[in-house]
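Visitor: Sequence:
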Amino acid sequence: MSCMLELTDWKKAWDNALTISPAVHYRDIGAGWNAYWDYIAEMCCEPVMCGDPMNDDVIRYLYEEGMFKPRDTVLDIGCGTGTYAIPFARDASHVTGLDPSGMMISKLLSAAYVNGLTNISPVQSRWETFDLEKKYDLVFSAFCPGINDTYSLFRMEKFSRRSCCYVAGDFTQFELLVGLWNEVMEKSYTIDAFRILYPYNVLCDSGRDPKLKVFRYRSGSRAPAEEVTEEFVRYFGAFTLMDAEKVNKVRDFIHSRSVNGKYELGKVRTVCVLHWDVSREKNIGYNAS
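The letter at position 182 of the sequence shown is residue 792 when you use the numbering used here, and the numbering goes up by one with no holes.
Don't take each hint at face value.
Quick list of in silico lysine-lysine cross-link-like pairs, DSBU-like style, CA-CA up to 35 Å [to be verified]:
{"no.": "1", "residue 1": "Lys877", "residue 2": "Lys859"}
{"no.": "2", "residue 1": "Lys768", "residue 2": "Lys823"}
{"no.": "3", "residue 1": "Lys622", "residue 2": "Lys797"}
{"no.": "4", "residue 1": "Lys797", "residue 2": "Lys823"}
{"no.": "5", "residue 1": "Lys856", "residue 2": "Lys823"}
{"no.": "6", "residue 1": "Lys621", "residue 2": "Lys768"}
{"no.": "7", "residue 1": "Lys877", "residue 2": "Lys621"}
Here are the simulated distance ranges between beta carbons [stated by the list, open to error]:
{"no.": "8", "residue 1": "Ala641", "residue 2": "Glu837", "range": "22 to 32 Å"}
{"no.": "9", "residue 1": "Lys622", "residue 2": "Gly642", "range": "42 to 52 Å"}
{"no.": "10", "residue 1": "Ser731", "residue 2": "Glu796", "range": "40 to 50 Å"}
{"no.": "11", "residue 1": "Val724", "residue 2": "Ala641", "range": "21 to 31 Å"}
Hint data in this document are derived by calculation from the structure and do not stem from the laboratory. Beta carbons are placed, not taken as given, at the ideal position from N, Cα and C, and that holds for glycine.
Whenever a hint applies, use it, and build me the whole structure from the sequences.
Guide: Below, the structure written as structure tokens:
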């Protein structure tokens, strides 16, 4: 995919999109945000196992592109319960899993034990404050809300000696999210800032040579409407006091879009894999060192 040239300042365009996005609230939040992610981790009953096709497709692609190599060191930003950290650790010399949620870290360690992996080190920290004096062969992040603007994207390079990879996708979830922000918080937001075209073209504008690969999978998965309701009640609890009126708004919004008590999470899952080489001579703009 070649770089798009419709706009001359993609950094400004991304910044503008963020002002009308839920992500604008992700910068200055505290304990409530961690509590939400602890809850999400608790809902992940089974440990991550090696061999999941969707996860392996991403890692296989990074192998083919030379972004990930045997015996590499990897930093996984927003590692969660180990969705990618676990399969990376099969061939990496070492994986550092970074996440602000203590429960996510606990689940990661459990998954490492179940998979017989001893080369994963957890770090409980937000991406904004992470500052180990160390560089990794690959700095990787997938579906991480902490990377949501130019600065947080380019900060990945500070810790990389060779490769960076940013993974995003799944607009069905974002559409639900902005719909609930409009309903519960009375904020007229859009999903625009979550689109991969912003980080992709920001990288192009700054002199990098990014590559983009899109994977699509049939999904059709459904979740109990009450579980989805509880998840978003906890999500909004990170930003506001969820009184009975707000809770009922979430419940009514979810149930009105559910069938037989089940909410459809999307017929197709999209995974966008954006990667680039870290070259100090070539990369001339937007450095976040």
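Visitor: Range first: 21 to 31 Å. Now tell me if the beta carbons of Val724 and Ala641 are that far apart.
Guide: Given range 21 to 31 Å: holds, Cβ gap about 29 Å.
Visitor: Given the proposed pairing of Lys877 with Lys859, does the C-alpha separation stay at or below 35 Å?
Guide: With a Cα-Cα distance of about 25 Å, the restraint between Lys877 and Lys859 holds, given a limit of 35 Å.
Visitor: Check the hint pairing Lys797 with Lys823 against an upper bound of 35 Å on the C-alpha distance.
Guide: 33 Å, holds
Visitor: Are the Cα atoms of Lys877 and Lys621 separated by 35 Å or less?
Guide: 32 Å, holds
Visitor: How does the Cβ-Cβ distance of Ala641 and Glu837 compare with 22 to 32 Å: does it lie in that range?
Guide: Distance hint for Ala641, Glu837 holds at roughly 23 Å.
Visitor: Straight-line Cα separation of Lys856 and Lys823 no greater than 35 Å?
Guide: Given pair Lys856, Lys823 is violated - Cα atoms ~39 Å apart, limit 35 Å.
Visitor: A range of 40 to 50 Å was offered for this pair. Does it hold for the Cβ distance of Ser731 and Glu796?
Guide: 43 Å, holds
Visitor: Check the hint pairing Lys622 with Lys797 against an upper bound of 35 Å on the C-alpha distance.
Guide: OK: Lys622 and Lys797 at ~22 Å, within 35 Å.
Visitor: Sort out whether Lys823 lies within 35 Å of Lys768, counting only the CA atoms.
Guide: This hinted pair holds, its Cα atoms lying about 24 Å apart.
Visitor: Mind checking the hinted window 42 to 52 Å against the Cβ distance between Lys622 and Gly642?
Guide: 31 Å, violated
Visitor: Assess, step by step, whether the Cα of Lys621 is no farther than 35 Å from the Cα of Lys768, and give holds or violated.
Guide: Within the cut-off at roughly 19 Å; holds.
Against the hints set out earlier in the document, violations occur for numbers 5, 9.
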